[in-house]
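So the protein sequences, as listed, match chains Y and G. Terminal number for the first sequence in the numbering used here: 326, no gaps in between. Terminal number for the second sequence in the numbering used here: 316, no gaps in between.
Fair warning: there could be bad hints in the mix.
[What the hints assert, rightly or not] A partial selection of chain G residues facing chain Y, derived with a Cβ cut-off under 8 Å: (1) D4; (2) L138; (3) D141; (4) A143; (5) V212; (6) L216; (7) A252; (8) G255; (9) M256; (10) P258; (11) A266; (12) L267.
[What the hints assert, rightly or not] Computed spacing ranges between beta-carbons, pair by pair: (13) G:R260 x Y:G291: 27 to 35 Å; (14) G:R260 x Y:A268: 18 to 26 Å; (15) G:R128 x Y:P281: 32 to 40 Å; (16) G:R128 x Y:Q265: 24 to 32 Å.
In case anyone wonders, no lab produced these hints; they're calculated from the structure. We treat Cβ as the ideally placed atom computed from N, Cα and C, and that holds for glycine.
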Amino acid sequence: MTALLSVRNLSVRLGPVMAVQDVSFDVEPGEVLGLVGESGSGKSMTLRAILRLLPQAADVEGAMLWRGRDLAALPEPELRQLRGGEIAIVFQEPMTALDPVLTVGLQITESLAEHLGLRGRAARTRAAELLDLVGIPDARRRLGSYPHEFSGGMRQRAMIAIALAAGPKLLLADEPTTALDVTIQDQILKLLLRLRAELSMSVILVTHDLGIVAETCDRVAVLYSGRVMETGPVETIFGQPAHAYTLGLINSVPQASDARQRLAAIPGMPPDPLAIPPGCRFAPRCGFVGPDCLTRQPPLRALATGHATACLHADAVMRKAA
Amino acid sequence: MSAAAPLLRADDLARGFAARGIVWSGARPVVRALNGVTLTIARGETLAVVGESGCGKSTLARALVRLIALDAGRIDFAGEDVRALRGDALRRYNRRVQMIFQDPYGSLNPRMTVGEMLGEALRVHRIVPSARIASRVAELLAMVGLAADAASHLPHEFSGGQRQRIAIARALSVEPELLIADEIVSSLDVSIQAQILNLLLELQTRLGLAMLFVSHDLRVVRHLAHRVAVMYLGRVVELGTAESVFDAPMHPYTQALLRAAPGMQPGRRSDKAALAGELPSPLAIPPGCPFHPRCPIAIDVCRVERPAPRVRADGHRAECHLAT
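Pulled out of the complex, with its shape left as it was, chain G reads as follows:
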């Protein structure tokens, strides 16, 4: 997968937000939501981005679909410079890269039936001839496991899980190559979540889709991801294959995250918290390694010098002075 050119490459992405209001200004304190993020996504692969609140994972997702402008950095998609796209080229990009949000209700037009919504996407992007629209809508609904008569109903008539299926159908209607999914199963009950995870796996395999899957839930991430990026305070602090990151994490933050996630074996309890302390204010990112104030193994160098990435033979990398 790594041999071919990646579908998407993000280099050193940066984005700050003024602490109050939304207008960026050099004078006010700045939250560095993205502080030099570099990653790639190959065709057909799922890259999961995992981290706690404020790590920048949702900002990253929105920046990739240009819902949020970047201050610096470069995004290449299939050889094109995404930040420079305008007009038709930008519209084409917005078709090829589709985003799905956590709250499907907020992203579905409440006054349009599901059939009208899907039909509109097909028409605007000229995916199929007008005469084929109705049959394509039926195919899309079947693909995401909804009954054909769903087309004549409004979003509020559906449950949360069904709405997420509708949002997936709409994203897939324009035949994208990359799906950006931001916490899309987080608000679903576990039995419904399992249904949506099955659907995503099946569709991805069948359609050869690439996916950037943003989530705070490590169990879900492990289930879906080929590769995993762990974010902390605006940086990717660890990146590797899912097996490697989950079975042999390099970064002490990843190790703590994995220990903190509740397992399903009652016999394997520990009475000690995996990680002490809380996230520092993103307005005052600690110098050196941003994780050092909470790190159980920090040494002097961690407090002054930002760690350069350490890379294992398989490409698994982590920004930690002590990683091996």
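Here chain Y stands alone, though its shape is the one from the complex:
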């Protein structure tokens, strides 16, 4: 299978801060890839870099191959055609991403006209179908509603409908459920999975929630302080984590079996982005650290097909996790 999108050695520098460093991953057709990490891990930056949605001051290096073309080198007009066309994006805050003075219907038909040349009655019919597809009841009438007339969950559905208007092959989702209640979050995640299957599109899902990764993603890349620490199929990452940070993250989430017991929390804090330690950036917080970890950043190395870790002590981590 050839990858739909191949990100190679992506680095993003914002002034003195290296926000993303040497990140590589592939997205296969029809899969949900998770980018998971805590604040400052670079997960959202990575996602935005794909569509060149970063601030002007950002210095981006690396290649992002989309069906053989490098998005990083694409002229702006062609990229604009791709944005919201073959590649669409949804954000955490639908209220800030939606235009508050345009009806939801108009925002969908705009995209239909721009990317598919659909206008008039045909566009309105398609727009209603899209709202219906994302589970907005009474879709035809709701085309005339403004974003503020929708609840948070309905706004997120509307934003997904707009994103789907041009029939994207890849949907980028940046913490799409973080601001929502748990039952609504569950509805939106199930909706994304259904749409992925029905429309055979791929999804990159950025999240800080390991539970969402476990329930939604096929593969995952775990980011820390701008770098990929580990990547692999979700069953492997949760069943047999091979990076000390991944194991620490999993152990930080309370489980039913350890109620009212001390969690094996990761001590300390992520490094100051202006003072990244020279070796493995997780070393100062790591329980498996050895002298070898302090001199250079360990590169990602493959453990099995599709499973790679940047941990020098992966064997010890896997023994502990087993």
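For chain Y, the structure is supplied; the task is to place chain G on it using the hints.
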């Protein structure tokens, strides 16, 4: 725990907010944030209050520390009628019951060093003699896992997790008996959240503190709570021990919440949403059981008659016509 008199007892608490503005008025539509809330907290126990936005859980927390006035209901704390407290008695109550908020930055004075802030609390409530204040501040900082030199720094010099430690230290400085914690780990990264959960468990055991822990995160609630109250549209719809509520939930809303919370086992996925529909407008709470429009098992009686609590042998209770 249930045999002794509870530390705090709340009976039938009610509070409405006018839909626009903050002045209560009978003429305007009223959001019933608390619509008859009854619960108890025993000494040394953690009661978690869980629910989605608009269920009234934060209003409840604020009402218990008298940041919000109630329209009706009674709160007893160690035998005293809290709503009637004035003057010194109210100040004493405000020392014995401490609140910690979700955003520690908003609740810490930005111009006071951590040492000044903790020292002020100790001085105002005369917790230790003046000569002992500096050493007590150092003890408090050590207790919450901060370095002693934190005392000379301002709040903005700390990370979110450290600020939450400062807020905890300040709450504990006055030796309270009950801690009211409103979503205090919700905005923290998971690795920092785990550190704060460990700290709370350790302090609670060591100091014998009671805690009302408000959260929307079921994983965190299960980890900390002895007992759990589930709120929906201003009412406690289920209340029981944590084991009982999580392992054998009685109310269909609790059952849906538990199914909706993402688990950590990739193999146990479902492609069906746990609960359809959205929260109804709190301005128009449905008649009968407030949950009936979203309930997958509702029958005719649910649409007209508010369910009386059903109680299991262990005291686990739920407001559902069909609960067993």
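Could you tell me which of the numbered hints above are not met by this structure, giving the numbers in increasing order?
Of the numbered hints, 1, 2, 3 and 4 do not hold.
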